[in-house]
Structures are given as C-alpha cells and as structure tokens.
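Asks: These protein sequence lines map, in sequence, to chains A and B. Note that the first sequence covers residues 0 to 416 in numbering that gives the first Met the number 0. Note that the second sequence covers residues 0 to 174 in numbering that gives the first Met the number 0.
Treat the hints as calculated values from the structure; they're not laboratory data.
Rough simulated footprint, nothing fancy, chain A against chain B, three-plus residues with beta-carbon under 8 Å:
1. 43–54
2. 112–125
Below, simulated DSSO-like cross-link-like pairs (lysine-lysine); rule was C-alpha separation at most 27 Å, straight line:
3. B:95 <-> A:273
4. A:195 <-> B:160
5. A:273 <-> A:195
6. A:139 <-> A:195
7. A:273 <-> B:160
8. A:139 <-> A:191
9. B:160 <-> B:95
On a predicted model such as this, the values are computed, not experimentally measured, just so you know. Here a beta-carbon is modelled for each residue, glycine too, at the ideal position from N, C-alpha and C.
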Amino acid sequence: MAELDQTPVAGNGLLDRRIFLKAGVAGGAALLTAQAGGVEREAWMKMPGAPMSDNGVPSAHEAHVKRLAVSSQPGTTGTGVSRTPLEFLDGLITPSRLHFERHHSGIPDINPDEHRLVIHGMVERPLSFSLEALARYPIKSRIQFLECSGNSGGLIAPEPIQQSCGVLHGLVAASEWGGVPLSVLLDEAGVKPGAKWIIADGADAAMMSRSVPLAKVMDDAIVALYQNGERLRPGNGYPMRLFLPGWEGNACVKWLRTIKVMNQPAMTKDETSKYSDLNEEGIARLFTFPMGVKSIITNPSHGFTMGPAGPYQVSGIAWSGSGRIRRVEVSADGGGSWADAALDEHVLSRCLTRFRSAWRWDGGPAVIMSRATDDAGNVQPTRRAVLEGRANGAFYHYNGIQAWAVSAVGEVTNVYA
Amino acid sequence: MSTRNALWLVCVGAIGTGAALADDSPGLGQELTARELAAVDFTIMPDGDGLPAGAGDAVTGRDIYNQNCLACHGENGTGGVNDVLSGGHGSLAGPKPLKTVGSYWPYATTIFDYLRRAMPFQMPGSLSNDDIYAVTAYLLFVNDIIAEDAEINAESLPLVKMPNRDNFVWGYTPE
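Bound-form chain A, shown alone (with noise of 0.2 Å):
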C-alpha cells in the first residue's frame, strides 16, 4: 500500500482510480499473519452448522435487505410498485428476489400448462405456442437492465425528497434474461409485407397491453422464460414475458398472452394517457422507448453515516438504454471538478455497469455526485437540464445527475447541486 499515489486528482479528495488495480496483495497477508496460530473457536465453530435445505434464503442478519417502499393505489393490493434496495447491493446483477416490480392489476397466478402465446394480425399463419414448445426453442440469453420509466420520477419535486437511494431510483434492476427470440417465432408465422408494429398484451386482470416497433422486435426482442437461471419469478412475469432490451419497462409485457402485429400502434391506455411526456406547451411525446443514459452513487448514498474521515470507496451503478457505458467520472466538490471512476471488468450493453472511485474524505462537508458517459456519446444530463421545457409533473425518463450532500457530522441526504 505504501507505494500508492494517494495525491487527489479531483477536488477535495478523489484518488486516482487506479488504485483499484495496484491494491489488494499486499494487504491480505497481514491479516493471515494476525490468526495464524490461534486456539480460539467461536460458538458457531463448536457444533455441526445448520443441514442442507432445498430452498436457499439470505442470511437471517441480512433480514433487512428488501424491496423499498412496496406500494399499491388505494383500495388495491397488486397496483402500484416495490422497489430494489440499491443501496444494500453491489456487483451487476440484481437477486430476482430483489427486483423492482410495477403491476397494474396485481400477479397472476398462471397454469403454465394452460397458458398460451398466441402469434396473429398481419401473418401468413396465425400461431400459438405452449410453454413447453417454447423451451424446446434456441435459448438466447441477455444480460441486461430493466427500468420503469417513472424510475425516479421523485426527484422532479421542488424539494428534495429524503429518502434511501433504493427509494428514489429503485425501479431499476439487472439480469440475464433468457428467451426464445420473438423474431425466429415472427418467422415461422410469417410477417406480411406492410407490418410495422405488434401489439403485446399481457395475462394480468388489467390485460397490460403495449404497441412495439416490428423493427425493434426483429433486432433484440426475446420471449423471456428465464431470469438469473431459473424460471421468471410470478413478479416478473412468469411463465414468460417480453423482453425489450435498453427500452422502457412498461414496454416488456409480462404475462405475455398475445402478439398482433400490425401496420400501426394500437394507441393503447398505457402508451397514450400514461407513458407519454408533456412538454410545458401542451404537447406530448408518444413512443420515447429507450432509456436514457445515467448513473447513481449506491454507497454512500441517504440514509448512509460516515465514520472516521479518512479514505472511502465510493460506488455505484450506471446504464443506458443506448449502449455500454464508455465513462462514470465522479465529483465530491458538488461538480466543481470530477476524476474518471474504475469500471468493473463486466461493462455490457444495455447493463448495469459497476463504478467505483477512491474518495479521501476529510471530515467536512462534502457534496459527491456522478455523471455517465455511453459508446454513443450521449452525457448524462444535470437535473435543471432534465427538466428544461417539462410540463409540471411530467416525471417519465428521468435521468438526471444525482447529488448526495455528506454533512461535518458524515450524514448523507439527498440535495440538488
């Protein structure tokens, strides 16, 4: 450790991200040496451990670690949204137990042996698919990230809300999602000239229903049977779901039901009256699919208190609808000055993407924040630079830097800067 260059290369304490890659050997050893020969047993060393179980859970002192702020509309059990606890987890991909949900008419409890994907509209042979049919097909799998477009909508509000990282952009999470592509299944249905659209509806009690480009769907769509390795979890969609990649949540029916293709949008309630964005002229964007480019410090982040000053590891998750993330720069001096944070070794398309910088806190109040850069060059925006030209309360697409304030005492709100 003695050879690192601790010098800050942004204001007020950010390190060299490089110290990521020179740290690690040397310090292991010390700690080797510190037990070795030690006689000392602690009580669960003194008897066999718990048997194997068939179900694994996470640890009982990891209790706390949940889905935030679970929500539903008056009068309603299943209409409203939980959300990942970002602040809790590290790594890339998020535990499916974990993962953010929004119904709109709660969970379904589906019989997958009676459940049907039904192909029709503008093709040669209108079609229908068992779920056993489906797993008999190729299997693509994607890695990739999945965020409701009101994901973090809260922080449109004139005052900043304090609350948990996981509770203002917790509607966003990761997986490798495994599917049949919906194009191999369009194909042997035959796409009639003059389509443009489908039109995916869902198995819920609301019979969620979205209009998706045909272009789209020929590039990267899957019908997902898979999340993490094992079957959707009912939450997400089980037996199978639409899979859109870097697209709005809304968009990745679950429950999938039907696919009508046809030459133009169904206008349905959701895509219309809902997922839409108006400006502060009365006018309304239709169909804005990808998610845009954006980052969150998960730790430190509110709710967080530091402990002594002195050096600090600062992470968090960045993506975009659009691509792999090419650059996280990190700034503790409230945007004064920024310095390149480390990426993790998986930086994958349409993913979560872990940054980590090196922040040498000196104990004073401090203002950290992150800005992501992707492969196509879109910069993620400042929140003013968001909300420029919105209409009041139109809080979709959200993507704005995130700013958490750390006080003299260490405790860490969330502030605008």
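Fit chain B to the supplied structure of chain A, relying on the hints for placement.
Replies: Just chain B now, kept in the frame of chain A:
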C-alpha cells in the same frame, strides 16, 4: 441495418414462395382456427378495427357508471381514490396540467379498449359490450365531447375526435 434485420428481410422475402422457417426454429407453433383467435383478440385500433357489435349512450351509461365506477372515480368522473376522468380541458399548457380522458386522451377508441380489458377494477370482463359502449358514451358526454343521447357503436366511436388529438407527436421515428 443489423445482421438480424438483414436475415429477417431474407425470410420475409421467402414467405411468398411458402418456405419461411429460419434455420434455428424447431417450428413448434400450432395453427389456430378463426374461432380460437377471436377468443384472445382484444385489440382495438384507432380506426375502429376490432370493435364488436353493440351500442350504448350516456343515459344508460350513467347508471352503469354509478354502479361500477363511481366508488373510485367520483361523480361524473371528477375523481376519487383513483384517476380523474373528466375536466382539465385547456389545462395542459398551464402550471397545473390535469390529464383526464377528456383533456388528454388522443383517441376515443382507447376508452372502449381499456374498459373492456381492465374495468371495473375488481371484476374485469363483467360488463357486456353494450354496457362498455354506454360507459364510453357517458365518459365522452361528461367531458362535453358528445351529446347525452348520442349513440356510440363500432361505426360512431372511431369518428369521435378527441379535443387533444392534435397535441401529440411521436418520439419514435419508424424505419
């Protein structure tokens, strides 16, 4: 153009001659009868394609609304524990936009489509097509878009021009 798209165009080109299966498809789809298809086809297009037979007006719609919808959406659609369905006209460009069926929704066909799919919330699928046409008519009437005795059916509904129709643009450019 991606490789995937290029491949697709080749496949589409082949459809006219009959053989279209991609090399990696086991071809396990089951063909459907027209009757089976009709049972799952709920899609209603803005031009009225998909609208079923039936009719209703706001007079009958009011009773059906009061029994099935009022508890959540308030008298005359003025809102309750759930969405406001009427009013808000002219508010979208102001400081407090109020998005309702009348002030915001671009297509009248969407009202029928959504009611048939999802409403009433606790018992979707419980209303007849006549009932749904009637509630659709009622929501158009309380938003001053049609007269109280105007009949709404598969022919008349697509002809209703919603007040906010022309204030939408597309964020997606078709290829």
